[in-house]
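Visitor: Listed below, chain by chain, are the residues.
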Amino acid sequence: MACVSINGANRLGSNSLPELLVFGARAGKAAALTSLEQKPPSEHVIAQANDEKRRLEEQFLRKTGGRERIATIRSEMHQAVESGAGIYRTQDSLQQAADKLQELRERFRNLSLDDHSLTFNTELLGALELEFMLEVGSAIVASALHRTESRGAHQRTDFPARDDRNFLAHALIFRSPDGSARIETTPVVITRWPPGERVYGVKSEVKEVAAR
Amino acid sequence: MAKQSNEPILWALFSAGGVFAAFAIPVHLFLLGLAFPLGWIPAPGYEYLHGLFSSPLPRIYLFALCFLALFHWAHRFRYTLYDGLQIKHLNEVIFVCCYGGAIFGTVLAGYLLWNFH
Amino acid sequence: MAETISVEVARYSPERDTEPSSQRYDVPLHKDWVVLDALNYIKDKMDGSLTFRWSCRMGICGSCGMMVNGEPKLTCATFLSDYAGDGSPVRVQPLRYFPVIRDLVVEITDFMNKLQSVKPWLIRGDEKAVSEGEYLQTPEQLDRYKQFSMCINCLLCYAACPVYGLDPVFIGPAAIALAQRYNMDSRDEGAGERMDVLAQHEGIWGCTFVGECTKVCPKHVDPAGAIQQYKLTATIERFKSFLMPWAAGNSEMESAK
Amino acid sequence: MSGVRQTVRYTEYHPRWYRTRVSTWWWLSRWPYLKFILREISSVFVAWFVVVLLLQIRALSRGPQAYAAFEHWLQIPVIVLLNLTAMFFVTFHAVTWFNLTPRAMVVRFGGKRVPDGLIVGTNYAAWAAVSVVLAWFLLRS
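Residue numbers (our numbering), protein chains in the order written: chain X, 1 to 212; chain S, 1001 to 1117; chain G, 2001 to 2257; chain F, 3001 to 3141.
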């Protein structure tokens, strides 16, 4: 994911731009250099790729008779994440979103495409994107459930305080073999600016004076 | 630098001709082609015009007008033929006909004005 | 039941068809819907195989350019209701003059190569060290090229340009306008390098100033103006190099800044 | 140099892409294109005017009789019609030329770009002035 934390916990919307411009460029260059040094793929890798190709054909391109459409699942996903894991979230709202996403991931298997073409198949791309988004959405909700505090732009209204003792940490999500999420944390490296309290209005002026 | 193209020179002539044609030709054509023959305005007599055309400045002006207007035509018409009729494969022929025509007209204008009496 | 409008979309599948056909869909007519909304409605609800490019929906990414009733348009900025009155369908076709890959998707590698050929980036003789700070620019200097920097590479100007349609080697409006965007930038020193590409017949001299590129540009870049202005620059340079071969170079363009 | 030429690959044969051939009559398909072609055709009438002018110069040079014949020739209906058409086209040329000037030439004054309308207006004013001066020269007898 495009998060190298240069904005700390305040990584919203267009904050991704400096990350993309600086770290995206570095990642691209590094990937290009690495690929130049790569030997041709091993048989295992080729076999894996063939398996994936077969999966795509069976699950999407050649499949007929599924009852779900991309757009329906996608908009239900938007709805679930927006209302459950938005700026203000609680244990309940997150749990609802998690359940809904689980349901959608199951329904996703019943997806069928209208487009069986191999030329510029945007519907297939849409399906793959949706599959990834469901997975990323679930990861976001799982880590938000784990974080019983409020930090940065997001507010757990059931845990309004920041808890640096337990959560001044990056959450790392791993997929267990059964598909569920396992969460580990890694400490934050603080360089110039330690995290501060997020305050507005008169409070922020007081804070500034105090800082001086 | 890339190979020195002649296109800038042809375009400069085209542009100068376009300016000249836009400013001067409408009034000339209106008087000579419509107003005088149709009697809207009394035409100047032979003596007056002959006198006017005999003096050097008007002659230089008339030569410049013919020269630039013809190169304006040559350049525009050449591209009109290319694009309007899609005959770019006749490139060389069109090129020779258009600019050749302009050169011929310019030489003719020079000859007539030089030998004006 | 809401009011509906018919949308007639060009369809072409290279795996099935030898030439494009059109397909008609009736979609709801909402006052705030643009043509792209109709296409997405079709793809989401009616026919997932309809293929078109789009991304930002706000006139920035430049990917949803198509022909709407024969005119090049950004479909995200073209309201359906503007075509509603007469009951005839809205015709949506791929951008004119480009090869069609599928349905409304066109092949744009040609433009990408041309764009790269004019080196649309800041070229410096000597680059300053980062420690020396930024290259400063006054608002006046910015004003000289700002208009040309608005280009979003949507290619509507190519679809409006008959010269490009007739002779695809023509480098085309957007690439030249973007070259001018850097030529006119006070921080740039690459005008001479770009001239090698621009001052060829396939460069500016192919243009006959039809002027349609400027009319269809959704960002008011005025590529036609950029080309004409560059013709003047190139002509002055040509005469200069003829009269004063020792002084040839990019002095004219440098002084234009 | 090589930069643009590389893109000639574009025209290579690709069996799966569909290409529409541009019709020979492409300029009839849209009004702006037709207007463009008419603007370009105006150059033919610019050349026609030069022909008339050269005939006038020749006739003047040959004497009063030749000039009277020339004046008579100008009154032939076909020639009048031709000149009427030419009048339309050269005016069209002048108008389109003046209107496009601000596109082709950026004039800056005190760091600011002179508005398009002012450039066009100046052109028209100069056109009127030039026309008056030329007419005065031709008519002052």
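In short, the hints are calculated from the structure, not lab data. There could be a bad hint or two in this list.
So the derived label-pair ranges between C-beta atoms look like this [stated by the list, open to error]:
# : chain 1 : residue 1 : chain 2 : residue 2 : range
1 : S       : 1051      : G       : 2150      : 24 to 34 Å
2 : F       : 3069      : S       : 1103      : 49 to 59 Å
3 : S       : 1097      : G       : 2047      : 32 to 42 Å
4 : S       : 1096      : G       : 2047      : 27 to 37 Å
5 : X       : 88        : G       : 2131      : 20 to 30 Å
6 : G       : 2047      : F       : 3021      : 20 to 30 Å
7 : G       : 2150      : X       : 186       : 15 to 25 Å
8 : G       : 2057      : X       : 199       : 51 to 61 Å
9 : G       : 2046      : S       : 1005      : 46 to 56 Å
Here are the simulated EDC-like cross-link-like pairs (lysine to aspartate or glutamate), alpha carbons at most 20 Å apart as the crow flies [to be verified]:
#  : chain 1 : residue 1 : chain 2 : residue 2
10 : G       : 2045      : X       : 19
11 : X       : 53        : X       : 149
12 : G       : 2215      : F       : 3071
13 : G       : 2045      : X       : 76
14 : G       : 2219      : F       : 3116
15 : G       : 2045      : X       : 68
16 : G       : 2045      : X       : 135
17 : F       : 3035      : G       : 2071
18 : X       : 63        : G       : 2167
19 : S       : 1088      : G       : 2167
20 : X       : 100       : X       : 76
21 : F       : 3112      : G       : 2143
Note that the coordinates shown come from a computational prediction; the quantities given were computed from them, not determined experimentally. Don't be surprised by glycine CBs; every beta carbon is placed ideally from N, CA and C.
Visitor: Now, for every hint given, state plainly whether the structure supports it.
Guide: Structure-based check of each hint:
| no. | hint | verdict |
| --- | --- | --- |
| 1 | 1051(S) - 2150(G): 24 to 34 Å | violated, 58 Å |
| 2 | 3069(F) - 1103(S): 49 to 59 Å | violated, 28 Å |
| 3 | 1097(S) - 2047(G): 32 to 42 Å | violated, 54 Å |
| 4 | 1096(S) - 2047(G): 27 to 37 Å | violated, 56 Å |
| 5 | 88(X) - 2131(G): 20 to 30 Å | violated, 45 Å |
| 6 | 2047(G) - 3021(F): 20 to 30 Å | holds, 29 Å |
| 7 | 2150(G) - 186(X): 15 to 25 Å | violated, 43 Å |
| 8 | 2057(G) - 199(X): 51 to 61 Å | violated, 35 Å |
| 9 | 2046(G) - 1005(S): 46 to 56 Å | holds, 53 Å |
| 10 | 2045(G) - 19(X) | violated, 36 Å |
| 11 | 53(X) - 149(X) | violated, 42 Å |
| 12 | 2215(G) - 3071(F) | violated, 45 Å |
| 13 | 2045(G) - 76(X) | holds, 14 Å |
| 14 | 2219(G) - 3116(F) | holds, 18 Å |
| 15 | 2045(G) - 68(X) | holds, 11 Å |
| 16 | 2045(G) - 135(X) | violated, 24 Å |
| 17 | 3035(F) - 2071(G) | holds, 16 Å |
| 18 | 63(X) - 2167(G) | violated, 44 Å |
| 19 | 1088(S) - 2167(G) | holds, 9 Å |
| 20 | 100(X) - 76(X) | holds, 8 Å |
| 21 | 3112(F) - 2143(G) | holds, 9 Å |
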